[in-house]
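J.: Here the structure of chain A is known, so what remains is to put chain B in place on it, guided by the hints.
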Amino acid sequence: MKILIVDDFSTMRRIIKNLLRDLGFTNTQEADDGTTALPMLQTGNFDFLVSDWNMPGMTGIDLLREVRADAKLAGLPVLMVTAESKREQIIEAAQAGVNGYVVKPFTAGTLEEKISKIFERVEG
Amino acid sequence: MQEQTETDQIRLEMARTLVAHLEVGENKDADRVIGELAEIKENELFTEVGRLTRELHEAINGFLLDSRVSEMTQVDIPDAKERLNYVISMTEQSADRTLTAVEESLPMVEALDKQAGELLAEWDKFRSRLLTKDDFRGLSDELAAFLQQTQSHSKSLHDNLSNVLMAQDFQDLTGQIIRKVIDLVHDVEEKLVKLVRITGGKLEVGKKVDDPAVLEGPVVPGVEQGDVVTNQDDVDDLLSSLGF
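For the record, the sequence lines run as chains A and B. Letter 45 of the first sequence, counting from 1, is numbered 66 in the numbering used here, and no numbers are missing. Letter 6 of the second sequence, counting from 1, is numbered 25 in the numbering used here, and no numbers are missing.
Bound conformation, chain A alone:
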């Protein structure tokens, strides 16, 4: 399972990376915004994308739209982990095809729950 973590703050990337490792996902890579992430996704054979929303360059929602518009990546499970908590934004992300939405600050338990839920649905 190869996972890409996209967040402009290195601290948050490290926290997510450590939480994922605890959950048994050791094969992770990092990108600091959508512009860096997209080419990595297109060539890197990733199985899962965890992305922040508010980033300079390309935001997480735009990255999500690019992913869904790309025939090769369209089926990639995407989990949004973000501080953005307006209802209309959550709805916007849902309409753009997000698979899960976690608001910061979050707990290890929440992240685990959302990830396993996504995989249950993807595999089932």
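No lab work stands behind these hints, which were simulated from the structure alone. Take these hints with a grain of salt, some might be off.
[What the hints assert, rightly or not] Derived pair list, reagent style BS3-like, types lysine-lysine, alpha-carbon separation capped at 30 angstroms:
(1) B:Lys-213 / B:Lys-199
(2) B:Lys-133 / B:Lys-174
(3) B:Lys-133 / A:Lys-23
(4) A:Lys-138 / A:Lys-23
(5) A:Lys-125 / B:Lys-100
(6) B:Lys-213 / B:Lys-100
(7) B:Lys-199 / A:Lys-125
(8) B:Lys-100 / A:Lys-107
(9) B:Lys-100 / B:Lys-174
(10) A:Lys-107 / A:Lys-125
(11) B:Lys-47 / B:Lys-60
(12) B:Lys-199 / B:Lys-210
T.: Chain B only, in chain A's frame:
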């Protein structure tokens, strides 16, 4: 008051003349009087506009000459930006130190846990007299190595935990810095209120427009941020209502 009566007198005089002209059908003269009356009114208006302009000009000059305002724009606000940048870098450093300590410690704990588990299994065998003499010698060596490693890992863990402890020192310092910036924001607010008062104080209090394109960032208790969810449960409820 005296002046006012004088003007009234003149106007009354002119009105009488106007009526007199109209009664005898001297329309041209009547028009001239009407024109003169309007002129009086216009002059009054111009004087009033002139007075207000001068007052506004003086008030704005007074505001600009207020040394606190120029000090704020030239010194305090650039200072505040520096201070807040420092807060960002201090909190980032602290998070990095903490994360590094944790990332170093977790594998040590995992290793100790794994080895203890293996030794415990061997030890149980020994207690059930399932070990040969050679096996026991091996176990004894492993135990000695394990105890040594436990000691060295404990020392490293202690150091790492102390690092995590020390990395929290940012809270005190950033707290002091942020409090200073809050004071400055308060000062600026007061000056702005004064400026609004000078300009007439009739500005309508604009309700914050909820622009969906603007990213709000984290929810802050006590700050109006539009229609936001307050926790993960709300997010889950919203998504499940959308059929997720």
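J.: So, for every hint listed, does it hold in this structure?
T.: Evaluated hints:
For the proposed pair Lys-213 (chain B) and Lys-199 (chain B), the alpha carbon gap of about 22 angstroms is at most 30 angstroms, so the pair holds. For the proposed pair Lys-133 (chain B) and Lys-174 (chain B), the alpha carbon gap of about 19 angstroms is at most 30 angstroms, so the pair holds. Between the alpha carbons of Lys-133 (chain B) and Lys-23 (chain A) the distance comes to roughly 26 angstroms, so the proposed pair stays at or under 30 angstroms and holds. Distance restraint check for Lys-138 (chain A) and Lys-23 (chain A): the Cα-Cα separation of roughly 17 angstroms lies within the 30 angstroms cut-off, and the hinted pair is therefore satisfied.
Restraint check for Lys-125 (chain A) and Lys-100 (chain B): the C-alpha separation of about 25 angstroms stays at or below 30 angstroms, so the hint holds. Of the pairs offered as hints, the one joining Lys-213 (chain B) and Lys-100 (chain B) holds, with about 24 angstroms between alpha carbons and a cut-off of 30 angstroms not exceeded. Our distance criterion of 30 angstroms between C-alpha atoms is met by Lys-199 (chain B) and Lys-125 (chain A), whose separation comes to about 27 angstroms. Taking the CA atoms of Lys-100 (chain B) and Lys-107 (chain A), the gap is about 28 angstroms. The hint holds against a cut of 30 angstroms.
About 41 angstroms separates the Cα atoms of Lys-100 (chain B) and Lys-174 (chain B), which puts this hinted pair outside 30 angstroms; it is violated. Distance restraint check for Lys-107 (chain A) and Lys-125 (chain A): the Cα-Cα separation of roughly 13 angstroms lies within the 30 angstroms cut-off, and the hinted pair is therefore satisfied. Distance check on the hinted pair: Lys-47 (chain B) and Lys-60 (chain B) sit about 21 angstroms apart at the alpha-carbon level, within 30 angstroms; holds. Between Lys-199 (chain B) and Lys-210 (chain B), the direct Cα distance comes to roughly 17 angstroms. Compliance with the 30 angstroms bound is thereby established for this hinted pair.
Hint 9 alone, counting from the list given before, is not met by this structure.
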